[in-house]
Structures are given as structure tokens and as C-alpha cells.
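Participant: Chain by chain, the residues run as shown.
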Amino acid sequence: MFRNSFKLFGNQIRSLSTQTRQALELAVKEDPVVLFMKGTPNQPMCGFSLRAIQVLSMENVATDKLATYNVLSNEELRDGIKEFSDWPTVPQLYINGEFVGGCDILMSMHKSGELHKILGEIKALAPTKPEGETAGAN
Amino acid sequence: MNSIRFSRWFKGPPILMSPQRVQPQRIFKRFSSTDGASDGESRIRTLLNEKLCPSSLRVIDVSGGCGSMYQIVIKSKLFQGKNTLAQHRLVNSILKEEIKGMHGLNLLTEVDKESSKDSAMSEEH
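Top to bottom, those sequences are chains D and L. Per the numbering used here, the very first residue in the first sequence carries number -13; after that it's consecutive. Per the numbering used here, the very first residue in the second sequence carries number 235; after that it's consecutive.
Honestly, the hints are just simulated from the structure, not real lab data. Treat the hints with care, since some could be wrong.
In the DSS-like style, the derived pairs of lysine-lysine whose C-alpha atoms are separated by at most 30 Å in a straight line are [unchecked claim]:
1. K285/L / K309/L
2. K97/D / K334/L
3. K15/D / K97/D
4. K330/L / K15/D
5. K311/L / K330/L
6. K316/L / K24/D
7. K68/D / K311/L
8. K68/D / K103/D
9. K285/L / K311/L
10. K334/L / K68/D
Computed footprint of chain L on chain D; a stretch qualifies when at least three of its residues, placed anywhere within it, have a C-beta under 8 Å from a C-beta of chain L [what the hints assert, rightly or not]:
11. 71 to 81
12. 90 to 97
Note that this is a predicted model, so its numbers are computed, not measured. A virtual CB, placed ideally from N, CA and C, is assigned to each residue, including glycine.
Start from the sequences, fold in the hints, and give me the full structure.
Facilitator: Quick look at the structure:
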């Protein structure tokens, strides 16, 4: 189900409405790797979001394990995710429902190999084709 | 129960279009210590010096003076025992008000591993 627009509840705009919180709680757990970004993977709308998706691309994250959410498509999402994560900026990466960090953290984890290790542990990496070597058994 | 589903990019291969020209990861603009430092840089510097007593701190406005994007590189003993995320959260909380006005923040934190027992320097700046 895709819903692009929905109303803020009542006149009391608490910083994070219960429904938004619930929706986010579901969203971060629904897929092993969840990235909240500006724009989409094919068209990032911000340099930091671009870097984040590039890191994930370089790590060869399996496409069926990754979901991305475009915060620019929805104001409540954009504000809500900052409140939800207690993190002031986007992009934001969640792995197995746990907040990992933003672009800076992602890049340093990528460089250190930590990100690769975590993604491997949760089996979120796409299988790489062996180059030039034949597999042991068919 | 009504569930809010945010508009979501349908899963597909995250293939980027043409290779984007990636900005260099760090843009170093060296200013002399206080000359040319913008108000924003000074405020940030003051806040971080007060709260974290860093052994090294670099705050650079990389938005060309607009105050919309900063690069901060900070090394502090107060990061000891914290993982990277916790270190970043600490800086975020100190700069909470400043960050509200920013478009972006490029933050690099480092733990100063030197133990206070070994160091003869006072921690007060």
C-alpha cells in the first residue's frame, strides 16, 4: 500500500505522533537494511544521500534486502524520522531495526570494513559471481 | 487500524544513473586561527571547547560562509568508552541549536586515548 499524503492529527502537533512513530517502527523492521534518504537511489537529491547510497552500492547490498524511503516525499516522514532516531540529519541507516548512523558514520564503517562485516552477518550482501574460477560442485 | 505507509521506493537494483561527480570527501579551507572565522564557526568552537575540552578541534564552514554546512573534526578524551555513534550523538546534543540552522554537518570524531593519569596537562582550557 502506498500512500503519499496524510493529514497531521488534530491541531495539537506533537513532535512525533503515535501513528507516525508506529509507522516508522514498522518500517525500520520490515527490511534488514533501511535507508532514509533525500531522493531515491536512482536520483538522490543531496550529496550526503548520494554518498550513502553509493556506499551501500559498493558494499553490494542485496536489492531484496534494502528499502529506501524518500523523506522529501513527505514532510511528516522528514520531521518524524529525525525525532524518531534522535538524529538531526538525513540520510539515516537502520540495520535490523537498529539505528546505525548517518553518512559520515557509514563512510567510516565502510572504510574500516565494519559495515561489510555487519552486512555479511545479517546476510544482506548479494552473492558475488566467482570470476574465472569454477565452483566446486554444481 | 489505519496504518500510515510512507511513499516508498519500490525495491529494485540501486543502480545509479551516470557516475556522479562525487564531491571530495573533505574540503579543507585553511583559515588562520581566528581571522576570517565566521560567527557560526566561533559559536560552534566555543560550545565544543567548553563541553568536550578537545585535544584537537577543527571547525570549518564549508558552505562558503553561509553557515549552512560545517565540517567538524574533533578529538577528545571525553569520547573514551563511547562508540562512534555515541560520540556523534554527544556532539549533536551539544550543537543541537546550531544544527537546526544547518543544512548539513560533516562530523569526524576521534577518541583521545591518552589517559588523564599519564598526561601532565590540566584538562581545563
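Participant: Take the hints in turn and mark each one as holding or not.
Facilitator: Hints, one by one, checked against the model:
With a C-alpha separation of about 12 Å, the suggested pair K285/L and K309/L falls inside the 30 Å cut-off, and the hint holds. Among the hinted pairs, K97/D with K334/L is consistent with the structure: their alpha-carbon atoms are about 29 Å apart, no more than 30 Å. Taken as a hint, the K15/D and K97/D pair is honoured in the structure, with Cα atoms around 26 Å apart against an allowance of 30 Å. Between K330/L and K15/D, the direct Cα distance comes to roughly 27 Å. Compliance with the 30 Å bound is thereby established for this hinted pair.
The hinted pair formed by K311/L and K330/L meets the criterion: a straight-line CA distance of about 21 Å does not exceed 30 Å. For the proposed pair K316/L and K24/D, the alpha carbon gap of about 29 Å is at most 30 Å, so the pair holds. At roughly 28 Å between alpha-carbon atoms, K68/D and K311/L fall within 30 Å of each other, so this suggested pair holds. Between K68/D and K103/D the CA atoms are separated by roughly 27 Å; this keeps the pair inside 30 Å, and the hint holds.
At roughly 11 Å between alpha-carbon atoms, K285/L and K311/L fall within 30 Å of each other, so this suggested pair holds. Restraint check for K334/L and K68/D: the C-alpha separation of about 11 Å stays at or below 30 Å, so the hint holds. Given a C-beta distance limit of less than 8 Å, the hint that chain L covers the region 71 to 81 of chain D holds, as 4 residues qualify and 3 suffice. With 5 residues having a beta carbon nearer than 8 Å to a beta carbon of chain L, the region 90 to 97 of chain D meets the requirement of three or more and the stated coverage holds.
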